[in-house]
Amino acid sequence: MAFYVVQFLTGLASAASLFLVASGLSIIFGVTRIVNFAHGAFYMIGAYIAFTLTERLSGAFGFWGSIVLAALAVAMIGVIVEMVLLRRIYHAPELFQLLATFGLTLMVEDLVVLIWGPDDLVGRRAPGFRGAIDFFGQNIPSYDLFLIVLGPVVLGILWLLFQRTRWGVLVRAATQDRDMVAALGVNQKWLFTSVFAVGVFLAALGGALQIPRDAVHHAMDLRIIVEVFVVVVIGGLGSIVGAFVAAVLVSELNAFGILIFPKISIILVFLVMAVVLIVRPWGLFGKPEAAARKTPGLTVNPWRPLTSNERLAAVAALVVAAMLPLFAGNYLLTVGSEIAIFVIFAVSLHFLMSVGGLASFGHAAYFGLGAYGIAFLAKMAGLPMIVCLLLGPLLGCMGAAVFGFFAVQLSGVYFAMLTLAFAQIVWSIAFQWVSVTGGDNGILGLWPSSWAASPSHFYWLALGVAALVTVALRAMVFSPFGYALRATRDSLLRSEAVGINAKRIQWTAFVIAGTTAGIGGALFAYLKGSVFPDNLGISLSVDALVMVLLGGVETVSGAVIGAIVYKALNIWLVSQTDLSKLVLGGFIMLIVVVFPKGIVGMLEMLAQRRRKSSPPGSPLLAKPIESAE
Amino acid sequence: MSATPPLLAVEGLTKSYGGIHAVRGVSFSLRAGEILALIGPNGAGKSTCFDMLNGQNKPDSGHVRLLGEEITGRKPREVWRLGVGRTFQITATFATMTVRENVQVALISHEKQLYNLWGSAPKFDRGEAGRLLELVGMGGYADRPCGELAYGDLKRLELAVALANQPKLLLMDEPTAGMAPRERVDLMRLTASIAREKSIGVLFTEHDMDVVFEHADRIIVLNRGTLIAEGSPAEVRGNPQVQAVYLGEGLVYDARHREGTSA
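Protein sequence lines correspond, in order, to chains A and B. Numbered by my numbering, the letters in the first sequence go through residues 1072 to 1700 in order. Numbered by my numbering, the letters in the second sequence go through residues 240 to 502 in order.
Some clues are possibly wrong.
[Claimed, not checked] Taking CB as the label site, the calculated pair distances span:
{"no.": "1", "chain 1": "B", "residue 1": "Gly258", "chain 2": "A", "residue 2": "Gly1202", "range": "56 to 62 Å"}
{"no.": "2", "chain 1": "B", "residue 1": "Gly312", "chain 2": "A", "residue 2": "Trp1518", "range": "58 to 64 Å"}
{"no.": "3", "chain 1": "B", "residue 1": "Arg320", "chain 2": "A", "residue 2": "Val1346", "range": "30 to 36 Å"}
{"no.": "4", "chain 1": "A", "residue 1": "Ala1253", "chain 2": "B", "residue 2": "Gly257", "range": "29 to 35 Å"}
{"no.": "5", "chain 1": "A", "residue 1": "Val1346", "chain 2": "B", "residue 2": "Gly251", "range": "53 to 59 Å"}
{"no.": "6", "chain 1": "A", "residue 1": "Ile1329", "chain 2": "B", "residue 2": "Gly251", "range": "53 to 59 Å"}
{"no.": "7", "chain 1": "B", "residue 1": "Arg320", "chain 2": "A", "residue 2": "Leu1661", "range": "45 to 51 Å"}
[To be verified] What the simulated footprint calls covered on chain A by chain B, stretch by stretch (three residues with Cβ under 8 Å from a Cβ of chain B suffice, anywhere in the stretch; the number is not a length):
{"no.": "8", "segment": "1239-1246"}
{"no.": "9", "segment": "1550-1561"}
I should point out that these hints are in silico values taken from the structure, not numbers from a laboratory. Where a beta carbon is used, it is the ideal one built from N, C-alpha and C, also for glycine.
Please model the entire structure based on the sequences and the hints provided.
Right, here's the structure in full:
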């Protein structure tokens, strides 16, 4: 019995940090409507700076002073980020905001390694809370008790702040209707900046308070951000009480999940989240959102099928690509195959995201499932390559059918978070179910049959499949189904009013996109000769998003160009520098802020300007990332 | 042998939000080819009533029947399949698609080709889409992106979309709200002529009394959720109860006067 009580208390102690970070995210979202992916990064910087300060400053005052100083310093960094980056993207679609802050996260990850080195850092114990308390033979660290008390205290302080101060009233008002607050003469700029600073302060404080419990390391940002997403989604975005209750719930699920299902402890939390989202899509304490903002910007150029000249050009480009083996060496051909595979992956997400308006943040799950499908079929059933290639993607298809069914019940940010969570479930299965998936060691030794074994043959295979997939998906955009899908993206209300079962159309699109991604994953498994959990990880999902965005969300086939440019750049960067994340993150932010329409979107815009140079571009063109409202 | 059931029969429709009785026991019916106006002051329950007719909102009790068939509480898309088209107070269109594509979507849905993955949508019922657009006077706008249209044109597009499944009944929620006086008259004349020609029943809510009295065959008046009057425009205009709760300030004649001078 005492053991369970101690386990419960440990859970409560973990909840404190989680609550701090989650409440910060929630407050920021409430007012600015930005889901700050970089919140985990601020948490991590908080921990690192606190570590450095506590090493320098001695004594009890030094320690506690360091914790607060670290949080204040990070809050200052937050202010700079808000003024330099976020102010430019408040009116951008949610997807752009998530991506920009993700880019920031990537940069921070490299910067942290650059400054503090790659090793784990073990911090000092907190003065006054070094020991443990005996509880019927079980030890409870006294620092845990401190954290258990701290959580509700912070909740109380935040409550007072929001209920009893003028600033708090303004924040609550802005959370309900920021336009009205602006109309009443409140300086919105500084309100947003101060809210962001408070949110970041809470994140950094959460990070700093972790150092007596946990080692500080450079991957702690992603781990916390996924958990925080889960917390705010369960509790309800924008609700602080919700963040507290959900933080406790998630921490307890973690604490007891390990005892009950040691193999699938991670899954438990995500399952609870999925259930909450389906029963109460806006979270336990959240309020239903008003009409969601359109995910892609408003397309001004109507989409049309290619003219015969453009078709010829596309075929010519394909022929040129097919001639690569005539003059390129094996390394270049392997790179070419990889790019072709990522074209498949990118166009599959593009179909879902641009045509269907459903920005999946976990699309890699279906890519990876396709890859694992191959691994199971080839290694366990011993089937020949051609059979595997046909059947392997079915695993991606099945995954998409199951997860897609739930995911399409939601839209916007919630859709993004749910797809991310599902991808994490799949990832954790691949990671934890060692007996079947090999866990972290993956499944090795998947080699193509002799007919596709040489680099040039494999390149042609990948190129051929990529071309086929691109053409097929493009045809679908201009099929009756494609029109129906675009209709559901533009107006759910109108779709339903003309007899369209919108959820079922979106679900179908999800399955098509997932299966296509699975085809890419299947080829990828053969290209690499192995499958790892990374093949369905977050970073791969984000790669896909960046490829689509780079090509242009509002284009029909921009993802092809996006994939080629991004992948080539990525492979080249990784071979050139150790700081690829830093460059990549900066690159992502640059696209979002400067080229929100992507490469193909830019070209289309320029072409159109030239075509009709006399009438100036419509206001929508002039303000490309202004929201539709 | 009983007489054929009316196109639309509404019986004892009731809906409350918490303690507020938005709609209380409303009953009325509508014949094919008839144009019926639903009027009432702000907050009378018009929109709530309207939304319950095509399944946008579920009634607490009461019945809605289309040609005798119970459609109460059916989903909007099911009601549409039974031949009920609708336009919205705030237009709902597919903003990134062209005007023609908007109509084509409705035609694709009408012909149950929504899951056709390989056909060519740009060629789908192009002729029929063109005819519908001509009908509402939007023929010249077919290739324009819908997001660029003026508000009045959007209303006309909505009408074309609503007509795509050859409806028996058209529900139009404030069809002329936000339009210029000239456009209002045009749109309602158009609607009336289409309705008469194709024998479509039309139910519309409207704040503009000129539009109501000029085009409605019959008017029903809602106040605080209850039906207080029903009859021809002349009867409703002369009804003292209606005048008391709704037209008591002589709004009709004021409005007439204003519009008359401005037009």
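Outcome of the hint check:
1. Distance hint check: the CB atoms of Gly258/B and Gly1202/A are about 58 Å apart, consistent with the given range 56 to 62 Å.
2. Distance hint check for Gly312/B and Trp1518/A: the Cβ-Cβ separation is about 59 Å, which falls inside the suggested range of 58 to 64 Å.
3. At roughly 33 Å, the beta-carbon separation of Arg320/B and Val1346/A lies within the given 30 to 36 Å, and the hint holds.
4. About 31 Å separates the C-beta atoms of Ala1253/A and Gly257/B, a value consistent with the hinted range of 29 to 35 Å.
5. One distance hint, 53 to 59 Å for the beta-carbon pair Val1346/A and Gly251/B, is violated here, with the actual separation near 39 Å.
6. For Ile1329/A and Gly251/B, the Cβ-Cβ distance of about 58 Å falls inside the hinted range of 53 to 59 Å, so the restraint holds.
7. Taking the beta carbon of each, Arg320/B and Leu1661/A are about 49 Å apart, inside 45 to 51 Å as hinted.
8. Check on the segment 1239-1246 of chain A: 0 of its residues sit with their Cβ under 8 Å from a Cβ of chain B, so the three-residue criterion for coverage is violated.
9. Evaluation of the coverage hint for the segment 1550-1561 of chain A: fulfilled, as 10 residues show C-beta separations to chain B shorter than 8 Å, against a requirement of three.
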